[in-house]
Amino acid sequence: MSAPTVPEELLRAVTDDLQPVTPLAPVWRRTLWILAISALVFAAAVFGFGLRSDIQNIPTWLGWGCSAIEFLAAALLLGLALRESIPGRSVPLGSAFAALSACIIYQLAVGYITWRFSPGPLWESQTIGQGMSCMMSDTMLALPTLLITIWLIVRAFPVRAWMAGMLGGAGAAIASDAITHLQCPVSDMRHVLVWHTGAVVFLSAAGALTGFAWGRWRN
Amino acid sequence: MARKDDEQQLVDLMTRYQQGDTEAFTGLYQALKAPLQRYLWTFVRNTTTAEDLAQEAFLQIHRARHTYSSPRPVRPWVYAISRHVALMHLRSRRRRKESLAFEDLPEVPVPPEMDRIGDAATVFTLMAKLPQAGQEVLMLHHLLGLSFQEVGDVLGIAPGTAKVRAHRALKTLKEMVTDQGGSDVGANRS
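Protein chains in written order, with the working numbering: chain A, -13 to 205; chain B, 2 to 191.
Keep in mind that a hint or two might mislead.
[Unchecked claim] Only some residues are given here: those of chain B computed to face chain A with a beta carbon under 7 Å: (1) Thr27; (2) Ala65; (3) His85; (4) Met89; (5) Asp154.
[What the hints assert, rightly or not] With beta-carbon atoms standing in for the labels, derived distance ranges: (6) A:Ala(-1) to B:Arg92: 35 to 45 Å; (7) A:Arg102 to B:Gln20: 35 to 45 Å; (8) A:Trp101 to B:His168: 44 to 54 Å; (9) A:Arg102 to B:Lys5: 50 to 60 Å; (10) B:Asp120 to A:Tyr92: 47 to 57 Å; (11) B:Ser71 to A:Ala30: 21 to 31 Å.
These aren't lab readings, by the way, just hints derived from the structure by calculation. The C-beta atom is built at its ideal place from N, Cα and C for all residues, glycine as well.
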């Protein structure tokens, strides 16, 4: 059987645009770029807004230690998002949701243990406005990380853009939660669940929608 | 061994293609067009459409060529992009599956375990009756020779899931051949 010849139209389209290209940097390296920028934003937030008023009641392992672990968990989600954006390296759906669920369970567990050490203001004394400000703070802190991640996803070729966006949104939200854990003095589980886990769900959905919309636009 | 050599050849071609070598693109086209068209046929069941989609897939491969990283295997990357092209086509056109015109498709070697089931025509006709998920795994693993890990990478499923799907699809295919008396065909061939 003779080798197929490239149709002229296709060959022309390819040769007209056959510039040498630089392959994308490995996922781990691009994840580190995101984390470096996130760390700068978070450091500015800590210096700018200070730490929670009851930080002295919380042991270091629970405060800074758990925040560091949460930041690493965020790195895993961001890495999965970048991996998902490369064709042929799709993340199994079950693994993606398992990673996301594990991060949320971790966030709630840390919230519960923190509450045992320092209950802080009661849920009943909190207004919706205060809760909303926590969610806004989570979202605003996550925004630079999310934007960089979406940019890196779009620069690749995600075949399931919604999935890459969802993982990116979740990663950005979990990273920002690592900092709000050190800033928000309310450890009541209801507050954590509604406003902080709510922010993770909201940003994951926002990332998924952005990815979905971009995917539709590209096609 | 031959599979490894083929894969290494594809990696070399892809690397040269990324560096702007037209001949490398031609080499990739010649090596991948037939299996790609076979794979795309499982989505559209029409030779002409599969050929058009293969061209579109090569255009998308060109646009996405910076996302390939050597020395990763080329074929899962190529099939993932092609699958995306096929799904977009199905979504946008909402085409109904058309006639089973597989006769005009370029030949791809049929591995012994598939060959034992029946002749190529029987296998492809019956494969078309399987659910899409089963067909894809059979095509990628049994006919196009991807490992279960690679099939998982293309489809976004765990390798174990790919293995289970392939096992079930192969079992169903064998049952269909038996129901059709196709086992005689297989016996005659061996």
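Next item on the list: Report holds or violated for the interface hint on Thr27 (chain B), using the least CB-CB distance to chain A and a cut-off of 7 Å.
Entry: holds, 5 Å
Check: Does Met89 (chain B) meet its interface restraint, that is, does its C-beta lie within less than 7 Å of any C-beta in chain A?
Finding: Check passed: Cβ of Met89 (chain B) comes within 5 Å of chain A, closer than 7 Å.
Next item on the list: Starting from the hint 47 to 57 Å, judge whether the C-beta atoms of Asp120 (chain B) and Tyr92 (chain A) obey it.
Entry: Check passed, 55 Å falls within 47 to 57 Å.
Next item on the list: Using Cβ atoms only, decide whether His85 (chain B) comes closer than 7 Å to chain A, and label the hint accordingly.
Entry: holds, 4 Å
Checklist line | Assessment of proposed distance window 35 to 45 Å (beta carbons of Arg102 (chain A), Gln20 (chain B)) | finding: violated, 59 Å
Next item on the list: Could you tell me whether the CB distance from Ser71 (chain B) to Ala30 (chain A) stays inside 21 to 31 Å?
Entry: At roughly 39 Å between Cβ atoms, Ala30 (chain A) and Ser71 (chain B) fall outside 21 to 31 Å, so the hint is violated.
Notebook entry, point to check: Measuring from the C-beta of Asp154 (chain B) to each C-beta in chain A, is the shortest one below 7 Å?
Noted result: holds, 5 Å
Note to self: Within 35 to 45 Å: is that where the Cβ-Cβ distance between Ala(-1) (chain A) and Arg92 (chain B) falls?
What the structure shows: violated, 23 Å
Margin query: Hint validation: Ala65 (chain B) versus chain A, beta carbon distance must be below 7 Å. Holds or violated?
Written below: holds, 4 Å
Note to self: Taking 44 to 54 Å as the stated bounds, is the beta-carbon spacing between Trp101 (chain A) and His168 (chain B) within them?
What the structure shows: Taking Cβ atoms as reference, Trp101 (chain A) and His168 (chain B) lie about 48 Å apart, which means the hint holds.
Next item on the list: For Arg102 (chain A) and Lys5 (chain B), compare the CB-CB distance with the range 50 to 60 Å and indicate the outcome.
Entry: holds, 57 Å
In this structure, the earlier hints numbered 6, 7 and 11 are contradicted, and the remaining ones agree with it.
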